[in-house]
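Colleague: Chain order of the listed sequences is A and B. Going by the numbering used here, the first residue of the first sequence is number -15, and it counts up by one from there. Going by the numbering used here, the first residue of the second sequence is number 8, and it counts up by one from there.
Treat the hints as calculated values from the structure; they're not laboratory data.
Cβ pair distances, simulated, as ranges:
#1 Lys305(A) with Gly330(B): 54 to 64 Å
#2 Asn61(B) with Ala287(A): 47 to 57 Å
#3 Asp205(B) with Tyr73(A): 12 to 22 Å
Straight-line Cα separation of at most 25 Å, DSS-like style, residue types lysine-lysine; simulated pairs:
#4 Lys305(A) with Lys291(A)
#5 Lys262(B) with Lys376(B)
#6 Lys104(A) with Lys53(B)
#7 Lys315(B) with Lys378(B)
#8 Lys199(B) with Lys56(A)
#9 Lys55(B) with Lys107(A)
#10 Lys47(B) with Lys104(A)
#11 Lys55(B) with Lys106(A)
Coverage of chain B stretches by chain A, computed from C-beta distances (three or more under 8 Å per stretch; other residues unrestricted):
#12 74 to 87
#13 210 to 217
Ideal placement from N, C-alpha and C gives every residue a C-beta, glycine not left out.
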Amino acid sequence: MNKLDNKQRVKFYQKGTFTVGNRLVDKKARSVQASMERSNAITSGHRACQGCGEALGARYAIDTVMRVTNNKAIACNATGCLEVFTTPYPETSWQLPWIHSLFGNTPAVATGIAAALRVKGKKDVRVIAQGGDGGTTDIGFGCLSGMFERNDDVLYICYDNEAYMNTGVQRSSATPPTARTATTMPLGDAPGNVFGTGKSMPLIAIAHNIPYVATATVSNLHDLETKVEKAMTFRGARYIHIYVPCPLGWGHASDITIQLARLVVDCALFPLYEAEHGAITGSTPIRKRVPVEEYLRPQRRFAHLFKKGAIDTLRIAKIQKMADENIKRFNLLRKETESFDGVTGISLKESKYT
Amino acid sequence: MLEQIEGSSAVAKCIALSRPEVICAYPISPQTHIVEGCGKLVKSGKLKNCEFINVESEFGALSVAIGSSATGARTYTATASQGLLFMAEAVYNASGLGLPIVMTVGNRAIGAPINIWNDHTDSMSMRDAGWLQLFAETNQEAADLHIQAFKIAERLSMPVMVCMDGFILTHAYDRVDIPSQEKVDAYLPPFKPRQVLDPANPYSIGAMVGPEAFMEVRYLAHEKQQRALKIIPEIAKEFKDVFGRDSGGLIRNYKLEDAETIVVTLGSVAGTIKDVVDKMREQGKKIGVLSICSFRPFPKLEIRNALKNSKRTIVLEKSLAVGFGGVVANNVMMSMQGTGVHVYTVVAGLGGRPITQPSLEKMLEVAEKDKLDDLTFLDLERDVVERELKREHASEKSGPIAENILRDIAGLEEAKR
Chain A
-15 MNKLDNKQRV
-5 KFYQKGTFTV
5 GNRLVDKKAR
15 SVQASMERSN
25 AITSGHRACQ
35 GCGEALGARY
45 AIDTVMRVTN
55 NKAIACNATG
65 CLEVFTTPYP
75 ETSWQLPWIH
85 SLFGNTPAVA
95 TGIAAALRVK
105 GKKDVRVIAQ
115 GGDGGTTDIG
125 FGCLSGMFER
135 NDDVLYICYD
145 NEAYMNTGVQ
155 RSSATPPTAR
165 TATTMPLGDA
175 PGNVFGTGKS
185 MPLIAIAHNI
195 PYVATATVSN
205 LHDLETKVEK
215 AMTFRGARYI
225 HIYVPCPLGW
235 GHASDITIQL
245 ARLVVDCALF
255 PLYEAEHGAI
265 TGSTPIRKRV
275 PVEEYLRPQR
285 RFAHLFKKGA
295 IDTLRIAKIQ
305 KMADENIKRF
315 NLLRKETESF
325 DGVTGISLKE
335 SKYT
Chain B
8 MLEQIEGSSA
18 VAKCIALSRP
28 EVICAYPISP
38 QTHIVEGCGK
48 LVKSGKLKNC
58 EFINVESEFG
68 ALSVAIGSSA
78 TGARTYTATA
88 SQGLLFMAEA
98 VYNASGLGLP
108 IVMTVGNRAI
118 GAPINIWNDH
128 TDSMSMRDAG
138 WLQLFAETNQ
148 EAADLHIQAF
158 KIAERLSMPV
168 MVCMDGFILT
178 HAYDRVDIPS
188 QEKVDAYLPP
198 FKPRQVLDPA
208 NPYSIGAMVG
218 PEAFMEVRYL
228 AHEKQQRALK
238 IIPEIAKEFK
248 DVFGRDSGGL
258 IRNYKLEDAE
268 TIVVTLGSVA
278 GTIKDVVDKM
288 REQGKKIGVL
298 SICSFRPFPK
308 LEIRNALKNS
318 KRTIVLEKSL
328 AVGFGGVVAN
338 NVMMSMQGTG
348 VHVYTVVAGL
358 GGRPITQPSL
368 EKMLEVAEKD
378 KLDDLTFLDL
388 ERDVVERELK
398 REHASEKSGP
408 IAENILRDIA
418 GLEEAKR
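Build the full structure now, drawing on both the sequences and the hints.
Modeller: Rendered as structure tokens:
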């Protein structure tokens, strides 16, 4: 999971953060972001909101791809925030060849690029496709499944901020239960998004038996870089699902993006795991478990759960139960020193939100 | 080489001769035999250096084509009917991005009611999508037009749709001259993309364009089609120089010189109409046929010049602009503004309804006396329609129209009530 050796893993965690300072790790394992040599594939000056998780995740992911491919990569983008805020022409943030076609066809366009590169014998040029959760789990789902099933040589990255943010925060199939969106209003008997809906795209990806699947978050950028780097060692279809908080859509302060991305992992609502060829190969244990309240409370999209004098303990408990299920499924409370011993009780038929 | 061959196989062979580098396949009748034929040629090694990709939908097919074309690969796909509608968003996108993809449309009706037979409703739904649309009259021309289409598309950097009548052409065995690889290579140079995704020269394609520039971008798409009005005949002439036969071009005129009545049409039905014209000319009737090859761009001036001396023009088309009349007729009327030539619309052959010589003859006899309705539905069973209208008036819950009519024409008593 982590590119640090065991000795370092124990030694260098900074108090309270569980992240590792760039200076404290081996030169080889350092993030490219601190280096003058970083490709800066998404250059500054773009129009993302302050505290945008997607901009951060995309920059790290694409810069890693650029590093490992020696700047020989082509990016393909779904319609959405990332597309809009990076290309307010005549400005563009993209320092690599980049194409945007439609909202729902990004994986297929990437397939076409990969096919053209193959037929032209350009094996060294690699293809990345990227989109938000709406573009990935909803409108692009058919094309994505097709790309996976054919095992086309594409790394698809989903930046998941759990709703359609570009159109004004509407529900997607990645929106969690109780979350307020413009189309899941915090009204009535079941305020916000309902329970028992939604899908886990990473598990669906795993069910396609593709070479590599991983989840990552912008609170652990070393881990994110490692997973992108690892994904690029495979040929064929690969999928990385990156959790990216959205201050605008979630209604949180723009300076707690990283904190929320960490809390979602620590409360087990977003487990970090990897899979190869259809089998889960590892998960990242939670080092300091927190109740789901800590993650939910700072976000206005969950404000109706925390009304003064009327805390919705029932629904909070149901969300906690989802987190507990994840802990069991992905073996998230084992000790750091214990190795991953596989996942018990995982059923690909179960919904992400039961 | 002359071959007795199915239309789809002839087209597949000519696609292969054009050396495409990526072919996307998704099955829909009646275009299936074309991509199957292409697949066979790829897998057997006869078509080298080509990726044949089975995709998950028509939307996927054209999207893969967008990706490969933008990466500089000569790209081909085929579709029909519902498939063309399912990929509609990508159809507009491919032309908006200026990607020279070639796509066959095996023309077929659009449901509901579901119908697999031939008419032109599918292609007509995409007439304003920015693609060039060439309609084949025969299987020889369908085969030839595909070779020309790559050349036209790549010269303009715009996608081209080659439309051929489903079943009537795609599934018909006919004599087709399949050219040699050497001649096709001499005719069709390798693809030099105008824009290409390349790490050595990175740029962004598909950025958002606001009100400050959108009009200009759209105008240039129109301007490109106007340029195509010159390029299509040029490329047809180059074709004749190499292969020795007339194929393609903007329009085809048949016995127009002294014609008082001219039938305008497109696709394979032109052959039937020509036979009727020959017969009626023997009776001294001055009739001619104008068959449109290039529906987009629409050759307004050429059509106007060809029709302006006629007394009347009858547009016979396999498409219906519901609530208005004719799709092709509308375009012809626009071209004839101010000439005083009366343009009649005859909608015929919807959903595969045979267009017979006796019906055409009867219609033309009425037209010659200027007694034709402005909008005529050829061989429409009026009594069937009347009975369904009666059922609808009789009950608010008269049920699904299509099923009622099928029961009615099967002679079921309950339906006649």
